[in-house]
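Number of protein chains: 2
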Amino acid sequence: MKYVFGVDIGGTTVKMGLFNDATELIEKWEIPTDKTDSGKKIIPDVCGSIKNKMGEKGISEEDVAGVGAGAPGAVDDKGMMPGGAVNLGWGPLNLKELMEKELPGIKIVAANDANVAAFGEMIAGGGKGYENVVAVTLGTGVGGGIILGGKLLAGSTGAAGEIGHMKVDDEETEKCNCGHAGCLEQYASATGIARLARKRLAKDDKASSLRSAETLDAKAVFDAVKEGDEVATEVAKEFGRYLGKGLATIADVVNPEIFVIGGGVSKAGDVLLEFVEPEFVNTAFPPCKGAKFALAKLGNDAGIYGCAGMVLS
Amino acid sequence: MKYVFGVDIGGTTVKMGLFNDATELIEKWEIPTDKTDSGKKIIPDVCGSIKNKMGEKGISEEDVAGVGAGAPGAVDDKGMMPGGAVNLGWGPLNLKELMEKELPGIKIVAANDANVAAFGEMIAGGGKGYENVVAVTLGTGVGGGIILGGKLLAGSTGAAGEIGHMKVDDEETEKCNCGHAGCLEQYASATGIARLARKRLAKDDKASSLRSAETLDAKAVFDAVKEGDEVATEVAKEFGRYLGKGLATIADVVNPEIFVIGGGVSKAGDVLLEFVEPEFVNTAFPPCKGAKFALAKLGNDAGIYGCAGMVLS
Numbered sequence: 001m002k003y004v005f006g007v008d009i010g011g012t013t014v015k016m017g018l019f020n021d022a023t024e025l026i027e028k029w030e031i032p033t034d035k036t037d038s039g040k041k042i043i044p045d046v047c048g049s050i051k052n053k054m055g056e057k058g059i060s061e062e063d064v065a066g067v068g069a070g071a072p073g074a075v076d077d078k079g080m081m082p083g084g085a086v087n088l089g090w091g092p093l094n095l096k097e098l099m100e101k102e103l104p105g106i107k108i109v110a111a112n113d114a115n116v117a118a119f120g121e122m123i124a125g126g127g128k129g130y131e132n133v134v135a136v137t138l139g140t141g142v143g144g145g146i147i148l149g150g151k152l153l154a155g156s157t158g159a160a161g162e163i164g165h166m167k168v169d170d171e172e173t174e175k176c177n178c179g180h181a182g183c184l185e186q187y188a189s190a191t192g193i194a195r196l197a198r199k200r201l202a203k204d205d206k207a208s209s210l211r212s213a214e215t216l217d218a219k220a221v222f223d224a225v226k227e228g229d230e231v232a233t234e235v236a237k238e239f240g241r242y243l244g245k246g247l248a249t250i251a252d253v254v255n256p257e258i259f260v261i262g263g264g265v266s267k268a269g270d271v272l273l274e275f276v277e278p279e280f281v282n283t284a285f286p287p288c289k290g291a292k293f294a295l296a297k298l299g300n301d302a303g304i305y306g307c308a309g310m311v312l313s
Numbered sequence: 001m002k003y004v005f006g007v008d009i010g011g012t013t014v015k016m017g018l019f020n021d022a023t024e025l026i027e028k029w030e031i032p033t034d035k036t037d038s039g040k041k042i043i044p045d046v047c048g049s050i051k052n053k054m055g056e057k058g059i060s061e062e063d064v065a066g067v068g069a070g071a072p073g074a075v076d077d078k079g080m081m082p083g084g085a086v087n088l089g090w091g092p093l094n095l096k097e098l099m100e101k102e103l104p105g106i107k108i109v110a111a112n113d114a115n116v117a118a119f120g121e122m123i124a125g126g127g128k129g130y131e132n133v134v135a136v137t138l139g140t141g142v143g144g145g146i147i148l149g150g151k152l153l154a155g156s157t158g159a160a161g162e163i164g165h166m167k168v169d170d171e172e173t174e175k176c177n178c179g180h181a182g183c184l185e186q187y188a189s190a191t192g193i194a195r196l197a198r199k200r201l202a203k204d205d206k207a208s209s210l211r212s213a214e215t216l217d218a219k220a221v222f223d224a225v226k227e228g229d230e231v232a233t234e235v236a237k238e239f240g241r242y243l244g245k246g247l248a249t250i251a252d253v254v255n256p257e258i259f260v261i262g263g264g265v266s267k268a269g270d271v272l273l274e275f276v277e278p279e280f281v282n283t284a285f286p287p288c289k290g291a292k293f294a295l296a297k298l299g300n301d302a303g304i305y306g307c308a309g310m311v312l313s
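For the protein sequence lines, the chains are A and B, in the order given.
Just so we're aligned: 197 in our numbering is position 197 of the first sequence, and the numbers increase by one with no gaps anywhere.
Just so we're aligned: 178 in our numbering is position 178 of the second sequence, and the numbers increase by one with no gaps anywhere.
In case anyone wonders, no lab produced these hints; they're calculated from the structure.
Note that the structure is predicted; figures quoted are calculated from it, not measured.
Among the hints, a few may not be true.
Pairs of lysine-lysine, DSS-like flavour, derived with a Cα cap of 30 Å [what the hints assert, rightly or not]: (1) A:Lys175 / B:Lys292; (2) B:Lys78 / A:Lys289; (3) A:Lys107 / B:Lys151; (4) A:Lys292 / B:Lys175; (5) B:Lys289 / A:Lys175; (6) B:Lys78 / A:Lys151; (7) A:Lys78 / B:Lys292; (8) B:Lys289 / A:Lys78; (9) A:Lys151 / B:Lys128; (10) B:Lys151 / A:Lys128; (11) A:Lys292 / B:Lys78; (12) A:Lys151 / B:Lys151; (13) B:Lys289 / A:Lys289; (14) A:Lys175 / B:Lys237; (15) B:Lys78 / A:Lys128.
Given only the sequences and the hints, what does the whole structure look like? Please build it.
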């Protein structure tokens with residue numbers, strides 16, 4: 001048996017996992033992300049933690065099939081991050097090569113964190129059993145990962161699946177963080193749903209439990225929907241219209257078998273899909289509208305599963 | 001040296017090509033498409049023509065690396081056409097298997113015609129030298145083909161790259177042929193450009209050479225643009241806004257290196273790109289906006305080149 005390490009580098013912590021070569025999780029742990037000095041210590045810290053774990057478990061280099069790493073930025077198929085990683089303090093660097101220097105003799109695979117999470121959901125989560133999967137992460141922003149024929153799609157500059165910034169509304173006047181306006185992220189992220197709710201509440205005085213919500217966030221909206229709140233339902237419908245339309249466009253381009261919806265917003269559960277699927281079916285080109293929908297299952301572990309899976313694929 | 005046949009099955013004629021194994025065209029010819037009796041004779045006719053050519057040239061089965069076939073309908077990666085091909089009179093059939101029966105012992109590869117044309121442009125046309133190519137065909141409709149990592153993307157039901165029916169306008173009231181409204185095809189196809197021109201001319205009485213055009217088609221619009229006609233320029237700008245926005249969305253999803261624009265509309269030449277590229281750059285997510293643009297080069301031969309290329313790839 002060989003071992004595989006999965007490393008999901010986030011802005012606050014690095015999630016790490018030790019797997020066997022059937023992509024079964026043996027142990028997981030976290031180390032803090034040290035962003036001081038432009039994040040220079042992160043890679044040595046990660047590799048040091050892997051070496052420690054190998055020592056602790058008596059695992060030799062020959063026993064390691066490889067290390068997979070995911071990072072929050074575009075990563076091309078050679079491991080280069082041409083735009084660095086803003087949330088880690090990194091400028092442009094080659095993640096794969098830097099890890100190879102720290103872990104000589106061990107195979108390193110590197111990819112974007114949203115993409116590896118998508119891959120994790122395909123091998124062990126909501127997309128298990130499928131080879132053509134689009135994973136959509138509805139968190140603070142909207143991210144995505146595309147797997148075609150069982151392989152992660154990186155794109156020519158590592159930015160494939162960056163679906164949060166697809167333009168879905170030409171009339172939008174408020175700016176997205178990216179500087180454009182009308183991006184999917186402005187309607188379908190946690191932040192976007194809260195924004196839609198604020199705008200809806202300001203429109204008139206219609207009674208709604210959302211008016212007395214402690215925090216007007218995506219969770220409050222979907223909780224109110226489940227209790228039959230009409231205003232919250234209007235907000236959810238608007239969210240579903242944008243996301244369903246956006247996913248229909250993606251289906252027309254890459255024609256996946258299944259969409260796997262994850263991220264904090266997906267904790268609302270199946271009710272979420274009830275607002276997205278009808279709009280998807282109404283908008284997608286007929287040969288593409290048979291795509292299935294599922295919720296993500298691995299939560300924060302999707303990244304380490306995907307990293308390990310990349311090494312083994 | 002081995003030989004390869006490329007077969008591009010169209011609604012009126014079947015374009016056929018004999019290539020060497022460096023994908024160099026040795027000879028090309030056409031046979032009529034016999035659509036009588038639900039198009040049952042098309043496959044025997046095509047295979048008969050291949051056998052005749054083999055006899056004429058003294059080519060044995062062992063000398064043939066394979067036959068690639070493109071057909072106007074969705075084709076999955078097993079050669080199945082679940083929706084048949086309306087323009088050929090075909091119901092659901094397996095193109096690859098039917099050709100294998102007629103040409104025993106010869107490798108057959110089958111794909112959608114727009115996809116193989118895209119592949120042809122990658123190996124020998126406007127996308128030569130690139131591995132991540134989105135080819136866009138602006139003809140009567142809008143078609144597309146996506147090549148990632150040098151491989152054609154079929155999609156789970158053979159409908160990847162069906163970009164003509166991406167929704168690009170929520171306000172559209174006129175229906176597209178597909179039954180939806182606001183499809184890219186309604187603005188960026190030859191038919192779509194003529195429609196935009198008719199609508200613009202009806203709006204007011206502003207002088208324009210288009211008012212006296214013999215045929216108000218895409219060619220007339222771009223000819224007038226080249227002569228500085230203001231109304232035609234407005235129409236071209238509207239076309240460019242829709243197509244540029246649509247291609248930006250595609251770039252956000254698959255992050256290609258280059259877009260190759262073909263089809264009848266592309267005969268307008270480089271002036272076309274002047275209306276599309278600025279809108280693309282304004283709309284695409286920054287890491288995706290570096291994609292290049294080129295015009296298709298192979299014209300009607302793109303399909304046979306792509307068919308031959310598929311066999312050899």
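Verification of the supplied hints:
{"no.": "1", "hint": "A:Lys175 / B:Lys292", "in the structure": "holds, 27 Å"}
{"no.": "2", "hint": "B:Lys78 / A:Lys289", "in the structure": "holds, 20 Å"}
{"no.": "3", "hint": "A:Lys107 / B:Lys151", "in the structure": "holds, 26 Å"}
{"no.": "4", "hint": "A:Lys292 / B:Lys175", "in the structure": "holds, 27 Å"}
{"no.": "5", "hint": "B:Lys289 / A:Lys175", "in the structure": "holds, 18 Å"}
{"no.": "6", "hint": "B:Lys78 / A:Lys151", "in the structure": "holds, 18 Å"}
{"no.": "7", "hint": "A:Lys78 / B:Lys292", "in the structure": "holds, 21 Å"}
{"no.": "8", "hint": "B:Lys289 / A:Lys78", "in the structure": "holds, 20 Å"}
{"no.": "9", "hint": "A:Lys151 / B:Lys128", "in the structure": "holds, 24 Å"}
{"no.": "10", "hint": "B:Lys151 / A:Lys128", "in the structure": "holds, 24 Å"}
{"no.": "11", "hint": "A:Lys292 / B:Lys78", "in the structure": "holds, 21 Å"}
{"no.": "12", "hint": "A:Lys151 / B:Lys151", "in the structure": "holds, 12 Å"}
{"no.": "13", "hint": "B:Lys289 / A:Lys289", "in the structure": "holds, 28 Å"}
{"no.": "14", "hint": "A:Lys175 / B:Lys237", "in the structure": "holds, 24 Å"}
{"no.": "15", "hint": "B:Lys78 / A:Lys128", "in the structure": "holds, 22 Å"}
Checked against the numbered hints above, the structure breaks none of them.
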